[in-house]
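Trainee: So you can see what is in the structure, the chains are spelled out below.
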Amino acid sequence: MKIVTLSKSNLLPFLEASRSFGELHAPLKRGEKSCAFAKVEDLADIQVGCLRTILPPKKYFMPPEQTMFAFSPQGYVPVNEEEGKRYVLFGLHPCDIHGIKILDLVFSGKYTDTYYFERRKHVAIIGLDCIPDQHCFCNSMGTYFTEDGFDLFLSDIGDRYMVMVGTSLGDDMVNASHHLFGEVDERAKEEFKRRSNARREHFAVDVETWGLPEIFDLEYESDLWKDAGDKCLSCGACSMVCPTCYCYDVLDILELNAQQGARKRRWDSCLFKDYALVAGGHNFRKERSSRVKNRFFHKQRGFVAEYGRPACTGCGRCIEACPADINIIELITKLRSETHV
Amino acid sequence: MSDHVPKDNPYQPHLARIVRILPQIPDHRLFQLRFEDEEVARNFKHRPGQFVELSVLGTGEAPISISSSPTRPGVLELCVRKVGRVTEALFRLPVDSLIGIRGPYGNGYPVEEMEGHNLLLVAGGLGMAPLRSLLWYAMDNRSKFKDIILMYGARVPGDMLFKYELLGLLDQPDITCLLTVDRDDTGRWPAHIGVVPKLFDKVELDPKTTIAAVCGPPVMYKFVLQKLLERNFSKDHILMSLERKMKCGVGKCGHCAIGYKYTCLDGPIFTYWDVINLPEVV
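Respectively, the protein sequence lines represent chains A and B. Heads up: the first sequence runs through residues -1 to 339, numbered per our numbering. Heads up: the second sequence runs through residues 14 to 295, numbered per our numbering.
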């Protein structure tokens, strides 16, 4: 991999120059403590130190609501909402990049989701490393670092960033601002290694994930699921903020003439009561506890069987967003201890 | 580079015309469909047990299993029960209307692996809809299979799907067709009376050389499975078809996930061994 350095004072000039590759989006301040990925007007607004945005970057590839196509009595008409608009996304932490890699897995395969990849190929990703807080458990989920999934990745090494160039597009971006970048010297190497090792010490939690699929199988009937179901409000917040939740609902919206319309899809959640309801009225998961269990089960057990890895990045958003204080770290820890008793 | 949705967009339905509607029993109709685009029609190849996503413009989509056999191409047949929003809208459409179809989806029956075996088809109610595709596939490839036994039950004679077609099989020498009704309210029913599991007493079954395909309401599965297991059928020689809200049909929308599997990609046909290891199957 090509590696260069970028002095911190050159970051904003570089981001300014990157606008020629697409509309620049980065974490901006929302509430007192919250940040969200949004269009950057003034570079000074970028929250470089933001840890966890409210929504993960999946919203750029899989918008909360999206038109799939229009229809009329004569048939179906393709529509494209954004006409290949290009974005440069700055400030994605390794967990968020892993989240996108997981969505890439889901939306590719035998049937490629053309809407997702149309957007995906128009977004340049500039990653940034971070220092975890008490909700982060990316160290446990193996998403603490990423070797790919970005065009450029910046690691803080004091007064500079170490910049990994991941793609040909990333290389173009560096070359377009080559005067801002420097060589990797011995001091940079040493500092990168020192900080990489030191980052592990910041984690407040370390969830054991070995054997987790088996533990989920063994504890399928555990009372812990009932307890979680009693607390859960079925609000779906955990799914909306999750970087790997991809479920969607499809609906036809008719115009007033009742002839033309559009088929749209929008984010759905397996916590919602009618999620597993079939025509005829049978609901395969009418209990809240079965819905909570299904969500965690799918992420930590079902997805592993399907794709060989859990659909969880340890970003901590579900913990932060849950109004009922349902905490996946606690749940996993308790399930594990039940198995060991 | 075109930024339009590419032609191979898996979500975009193809237009199909309703060429004939054959009323079956109350709230059940057989829709015969033809794709508008000849190339689409030519390229549509399915295996028994697969399903399509049927669109009624402005109402939405629903997964419907294919009732016609791939050995009889040209017309696609879907046996539909009026049970939800989309099917209710479909029932309001007259012949010649255009609807949307995409697919075929799902794994379908492993017909190549079933070749050389006896086939036991066990259906109850609307379960005959997907099994009809397998039935006619096997009959049209008769030399590839050993004995073929069909067991099908309905509540009353008036509730039996494909009744006349199936009655025609009663005296065919190359199939054992056992039709039953829970009760005969006509006084003219020519076949058996009683529930489907009772039909097992009428036939000899060799579990080593027979593959069973079972499709019906949950209550039927319980007793049919019991009969099959009593006769020492291996759990992976029992094929079942599962129902879920298969919204996208292509493993993306998440709705049909059961534990480890997507019903739309890994199913809807599962072996009994697969099913007993899946949580929340019924």
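Some hints here could point you the wrong way.
What the hints assert, rightly or not - With a straight-line cut-off of 25 Å between C-alpha atoms, the simulated BS3-like cross-links for lysine-lysine are: (1) Lys108/A <-> Lys58/B; (2) Lys284/A <-> Lys221/B; (3) Lys95/B <-> Lys284/A.
None of these hints come from the bench; they were simulated from the model.
Trainee: Measure nothing beyond the straight line between the CA atoms of Lys284/A and Lys221/B; if it is 25 Å or shorter, mark the hint as holding.
Mentor: violated (40 Å)
Trainee: Decide if the proposed pair is consistent with the structure: Lys108/A and Lys58/B, CA atoms, cutoff 25 Å inclusive.
Mentor: Holds - the C-alpha atoms of Lys58/B and Lys108/A are around 16 Å apart, at most 25 Å.
Trainee: Are the Cα positions of Lys95/B and Lys284/A separated by 25 Å at most?
Mentor: Distance of about 23 Å is within 25 Å: holds.
Comparing the model with each earlier hint shows a violation of hint 2 alone; every other hint is respected.
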